[in-house]
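K.L.:
Residues per chain are reported as follows:
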Amino acid sequence: MLDVQDLQKIYTGRHRNVEALRNLTFHIAEGELVCLVGPSGCGKTTLLKCMAGLLAPTRGEVRLDGRPVDGPPPGMAVVFQEYGRSLFAWMNVRDNVALPLRRKKLGKARERELVDHALEVVGLADAHQAYPWQLSGGMQQRVAIARAVAYEPKVLLMDEPFAAVDAQTRAELEDLIRRLWRELGVTVLFVTHDIDEAVYLGQRTIILSKSPTVVQEDLTIDLPDERDQLHTRSSTRFAELRAHVYEQIQRAKHHSGDTEAHTEAHTAAEDRIPEPALQKIEP
Amino acid sequence: MTVVAVVRRTLLVLGLPVVLFALWWFATADSTDFYFPPLATILESFGKVWTGERLLSDVVPSLLRLTAGYLLAVVVGVGLGLVVGMRRTVRDYLEPVLELFRAIPPPVLVPVIMLFAGIGDTMKVLVIVSGCMWPILLNTVEGVRAVDEVLSDTCRSYGITGTARLRHLVLRGASPQIVTGMRQALSIGIILMVISEMFAASNGLGFTIVQFQRSFAIPEMWSGVLLLGVLGFLLSLLFRFAENRAMAWYHGLRRAQRNP
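Those protein sequences? They're chains U and Y, same order as listed.
Just so you know, we're using the numbering used here here: the first sequence kicks off at 2 and counts up by one.
Just so you know, we're using the numbering used here here: the second sequence kicks off at 756 and counts up by one.
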């Protein structure tokens, strides 16, 4: 479905080049919900932009259904972290959701149906006429999610969408994403820096190293499919997975594409970092 | 708004003008100075001069030229501003030149424009355009440059490109700055309307005021000055009204950002 192959991104500046992504390869199957987590500044947003066709990689490629992504592909929707900046402040909620549909020329009736439905499922059925800035942060992000839902994408990319909302709203929105993913059968890639979120949401968690970034670990989240904030988060398995991801992130802070190339020189330093959870989990 | 609030606001708006008017009234009440006639005399001639056929023969032509020049300046300024703002290379080449043109006081262009456009309406409209377009152009460029990057990425990922992008993202996103430029341009436009008519004209407000001055019809001259003041005030009221309607989202957004 979504293939990332040998992806490298170097930002060329006037005085120095910054290698954000070293070499990333992973695969997301159709209908999967995958979380992407890594230490801050590890190039998560760069990766997401490359996958969304908003940024050209230096080397390697992203393929969607076998076709290389060289611009924003149809059938892909992106939800950004900065909800306040990704909504049109001059349009009401309804028009914000409807605008991307105009291009699809679905006809008025179908368009109305999609917008109504999308706003209904995110719980904004009575906010059609409001302007985004009249809503709370969480509600604004719901509008952005509704816009993505109405667009009927095959792939939904989310770039730390809940990083700027309060904890309670965040829990609600996490459950909303789980519900939408199951109801719509859409493939979701969810980028986050929050370890709990990375474990709670997905079927898989891809842990990235620090920049220049490589995949540090591709972890299957073997929690039951039915999840809820209370029981899932208090289960032993959740705690184990959480601890494991946490340790991997701590390791990732010292690990990058560079250290991987010189593992010999760094073995002593790496050996000092204990990995009890890793041994516990792996069968 | 409560009744008290309405009264308060009205007092605030009208307070200073009333005081100034009263001062003018009493200071000149017994004036025998030929050049500073009593306000009562000026108001009397105001009624006589500006209500009859002069309204049609002088006020309306002036306002028509102002409207034509101003609207043309908006079209040219916004159109050019979009191109310059969206194309980085164009901007790098043009920006120094634009700043230079902007620095030239528009009235000095009147004799130049007269050379090739004659002394008719075309010249006056061109003078107004040549002065009004700069603030609109430069503000549009700034506005287009400041269009939010995240919103721009959002548009791209949803395939909102070309004219749809221009209409829904660029123009609307830059509209607060465009409106600022239009507000500055309005007062420049009024000034240039008068100046262009003072140089060479056979009708219009500027022309009439100069005629009165040359024929020593001093109260009539003063009444013309008064009329210009009132016109400017009414036009800016009209502008405010239109702006409040068109930019309601922006004022709301600003309020929301101030009190989160």
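Simulated from the structure, these hints should not be mistaken for lab results.
It cannot be assumed that every hint is accurate.
[Said to hold, decoys possible] Which chain U residues face chain Y? A few, computed with CB under 8 Å, are given here:
no., residue
1, 27
2, 28
3, 55
4, 75
5, 79
6, 83
7, 87
8, 90
9, 91
10, 101
11, 107
12, 134
13, 155
14, 182
[Said to hold, decoys possible] Some chain Y residues flagged as far from chain U (calculated, every beta-carbon gap over 10 Å):
no., residue
15, 807
16, 835
17, 852
18, 871
19, 900
20, 934
21, 986
Even for Gly, the Cβ is constructed at its ideal location relative to N, Cα and C.
K.L.:
Would the hint on residue 134 (chain U) be counted as holding, given a Cβ-Cβ threshold of 8 Å to chain Y?
P.N.:
For residue 134 (chain U), the interface hint holds, since the closest Cβ of chain Y sits about 4 Å away, which is under 8 Å.
K.L.:
Does residue 807 (chain Y) sit more than 10 Å from chain U, CB to CB?
P.N.:
holds, 46 Å
K.L.:
Is the claim that residue 852 (chain Y) lies outside the interface with chain U correct, judged by CB distances over 10 Å?
P.N.:
Its Cβ never comes within 10 Å of chain U, the nearest being 26 Å, so this holds.
K.L.:
Does the CB of residue 107 (chain U) sit less than 8 Å away from some CB of chain Y?
P.N.:
Where the cut-off is 8 Å and the nearest Cβ of chain Y is about 14 Å from residue 107 (chain U), the hint is violated.
K.L.:
Would you say residue 986 (chain Y) is clear of chain U, with no C-beta pair closer than or equal to 10 Å?
P.N.:
holds, 31 Å
K.L.:
Taking 8 Å as the limit, does the beta-carbon of residue 155 (chain U) come near enough to a beta-carbon in chain Y?
P.N.:
violated, 14 Å
K.L.:
Would residue 900 (chain Y) pass as off the interface with chain U, using Cβ distances and a cut of 10 Å?
P.N.:
holds, 16 Å
K.L.:
Tell me if the interface restraint on residue 75 (chain U) is satisfied: Cβ within less than 8 Å of some Cβ in chain Y.
P.N.:
At 6 Å from the nearest chain Y Cβ, residue 75 (chain U) passes the 8 Å test, so the hint holds.
K.L.:
Once the closest CB in chain U is found, is it more than 10 Å from residue 871 (chain Y)?
P.N.:
holds, 41 Å
K.L.:
Would the stated hint for residue 90 (chain U) survive a check requiring a Cβ distance to chain Y of less than 8 Å?
P.N.:
For residue 90 (chain U), the interface hint holds, since the closest Cβ of chain Y sits about 5 Å away, which is under 8 Å.
K.L.:
Does the nearest C-beta of chain Y fall within a distance shorter than 8 Å of the C-beta of residue 27 (chain U)?
P.N.:
violated, 21 Å
K.L.:
Let's test the interface hint: is any C-beta of chain Y closer than 8 Å to that of residue 79 (chain U)?
P.N.:
This hint holds: residue 79 (chain U) lies near chain Y, its Cβ roughly 4 Å from the closest one there, short of 8 Å.
Of the hints listed earlier, those the structure fails to meet are numbers 1, 2, 11, 13 and 14, in rising order.
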